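Chain by chain, the residues run as shown.
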Amino acid sequence: MDATALIVTIAGVGLAAFVLWYFFFSARQTASAVSTSGGVQEVAITVKGGYSPDVIEVEHGKPVQLSFYRDEENSCSEELLMPDFNIRRDLPAFKTTLVELLPQQTGKFEFTCGMGMLRGSLVVK
Amino acid sequence: MEPTTKTETLDIEGMTCASCAAFVEKSLSRTPGVQRAMVNFATEKATVDYEPAQASPATLKQAVINAGYGVAERAPDTSAAERSAEIDRQKALAYQKLKRRFWVAVGLAVIIMPLSMLMLWPAMMARVNMQWLNYALLMLTLPVLLYSGREFYESAWNGFKHRAANMDTLIAVGTGAAFLYSVAATVVPGFFTSRGLMPEVYYDTTATIIALILLGKVLEMRAKTQTSAAIRSLMGLQAKTARVVRPDGAEVDVPIEQVQLGDIVVVRPGEKVATDGLITEGSSALDEAMLTGESLPVQKQTGDPVFGATLNKTGSFRFRVTKVGADTMLSQIVKLVEDAQGSRAPIQRLADKVSAIFVPTVVVIAILTFVLWFDLAPVEHRLPLALVNFVAVLIIACPCALGLATPTAIMVSTGKGAEHGVLIRNAEALEKAYQVNTVLLDKTGTITRGEPAVTDFVAPDQEPARLLQLVAAVERQSEHPLAEAVVRYANAQGAGSLAATSFRAVEGKGAAATVDGQAVLIGNRRLLTEEGVQLSPELLAQAEHLLAQAKTVLYVAVAGQAVGLVGVADTVRDSSAAAIKQLQALGIEVVMMTGDNPQTAAQVAGQVGIRRYFAEVLPQDKAGKVKELQGEGRTVAMVGDGINDAPALAQADIGLAIGSGTDVAMEAAGITLMRSDLRGVVTAIELSRQTIRTIKQNLFFAFIYNTLGIPIAAGLLYPFFGILLSPMLAAGAMALSSVSVLTNSLRLRAFNHH
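Chains as they are written, first to last, in the working numbering: chain A, 476 to 600; chain B, 165 to 918.
If we strip away everything but chain A, and leave its shape as in the complex, we get (with noise of 0.2 Å):
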């Protein structure tokens, strides 16, 4: 193995490394939710490659509110989808669109694009 070689090996070693390490054990971004007068727990979302924030803290037993806002008209992101709450949902590019739910089991729930590739979590306490 020439030393060019062996460059290439360690550089790509540690890329693949920090692959890992970016996308499954960095620090995600949390957002808790702020409750209104009328007891709704409202959080906003961008979507835009993916959902900022991407961990949202609600509590139980009270309506959560979630105004998504889709800031690009990729493809990937025009569906919401909340598997446990039976929910999918249509976000038109450009627009807020307001999701209304009920947690009333604790516990972390995720929400996904129409493919599951973008993901956030909405966790229930």
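There's no promise every hint is true.
Claimed, not checked - Capping the alpha-carbon separation at 25 Å, the derived lysine to aspartate or glutamate pairs in DMTMM-like fashion look like this:
#, chain 1, residue 1, chain 2, residue 2
1, B, K499, A, E575
2, B, K791, B, E753
3, B, K261, A, E554
Simulated from the structure, these hints should not be mistaken for laboratory data.
None of the values given here were measured: they were computed from a predicted structure.
Add chain B to chain A, keeping to what the hints say.
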């Protein structure tokens, strides 16, 4: 005439009790210019009619605030129909754009491809300056990247910022690497030649991959719009206007949104019923196929419910509105189907797990592929070989097919079910129905009609028609269910009506009256004995015969003489026996359960071909019977009418509520059959079997394609067979995988229950 009033609907916030609603209503009614204000506490909505000259939405809002409550700002797109129309518009626009980008990519790719292949003709090569040719190719490829493929790079970058990797990440990294390498080879070829490498370019690969992936997207988008076609056509059924009768008797066409509870609506032949209500005047035959899947028109008269979007065939009638907007049957069905389409089938979980970790894993595999090829291949070829395989792995690995496998099948089949009057609550119900090997039927109301009907009319010494006339005259006065059955029978036989006088009902025994000057007595045997009427041996024998068939017998006496018998029984629905036979043909054991005595149970079971049954089951023990069957290791589908059967429906692996379409039924059951007909059970089970079969095929294709595709793309076959997968072929295969999964799901649209 131009309407002078406007109607506004406000979402009221902060109401905690019914008196709050009254308070808001009062405040609104007192606002100048308001003609009528109605506040619904349950829906938290206020409907206000006002004169625009004197009042405005702002003053109405102020009135609510003055009362101490708030008005929620509505999203600009309020109505569901408007919203879905907007989404459709956007989708159509996006489709146009996508097609344009696709054609630009194709147009340029067909120029780039032959130019890249010039090196295959040495004679041509000699005349062309390589350097110049590469620059020309670069210029041609740039628009493909920046216009046609722009979305992939943007999306990959946005995803990267979110630490999310999607299919665009793979495409962007793959084509991006090929392109950047080519640019380097074009701009600084000396760097490559000085190291003994050919400065090869991959512009054709880049352009073709983008064109092929876009082709996949175009096909996918077209197929996707078809998956939700059923639900869209269901929503499109709703009437746009209603002909409302004003208090002064005038008939006015108003938009459907303005129809309010309690309004009287006129429906003429050939028109759609605007919303749900009860007939107050007139009668007609209605085509309810859109709700129940039953193609035969249903006869309706005063007091019967009618449903929005059904079609009035023959007569003209008026109905009082009992439900509007989201409360109507059609809206509930649409909501139920939409919910089901958003649910996740257990079978999908594995695919979900895989697609969550898929992309980053593939990127890692691609990097390692690059490293291995670089290290192991001959030095003069190592860079291009490593690059080509790196790109091929990235491009072939997109797991979209995996993500689409289940949801598309669920969408098509739930929509299809609704078309047949079979409402599936969620994907899990569909999967459970597939596993069912035992169907437990509740007898009354499920196999049978659930109401008594006259089966025999015996009049040995009289003219039957005349006797029926006398009997019907008495029974018309009675409110007993058995009496109703007799009246229904008499009406069906066309017996004329006679007047009955001095009617008296004998509690628990029967009734008596004077008809046509004769004393007529109808009731059980005890009544006749008490009235001192003797039965002839012939009638007695006939009665024994009827009783042996588990029928209820009514005895008839005229002028103190026993002259006839009426046999009454809960009759089996016409379709039951055929449906049970079909279920048995599907390899499912059909078991019956009833509160009746073993004799009646045996009678009905024999009639419809059921071999195993439970008799004398008390309502509270029904769930226990389900458990008993489950204890035998069976997967049980319970079919019942949903109200007293709720615990058993819930206990069963899958509950099917039949007929009623009430909220209770829909809540307790995984599947609701809109039609009172056991054939719906067959439809539901057949549909679930086809759907799960489709999902399994889809998952198989998707998994096989990825698990085989990646090692081949990585070059696993090269050491043995010298086979390398061209990145362009990988792109074609990947584009086709999603499309083939979608097409397979769309085949479910052809499902047709016979």
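Verification of the supplied hints:
1. B:K499 with A:E575: OK: B:K499 and A:E575 at ~14 Å, within 25 Å.
2. B:K791 with B:E753: 16 Å, holds
3. B:K261 with A:E554: 18 Å, holds
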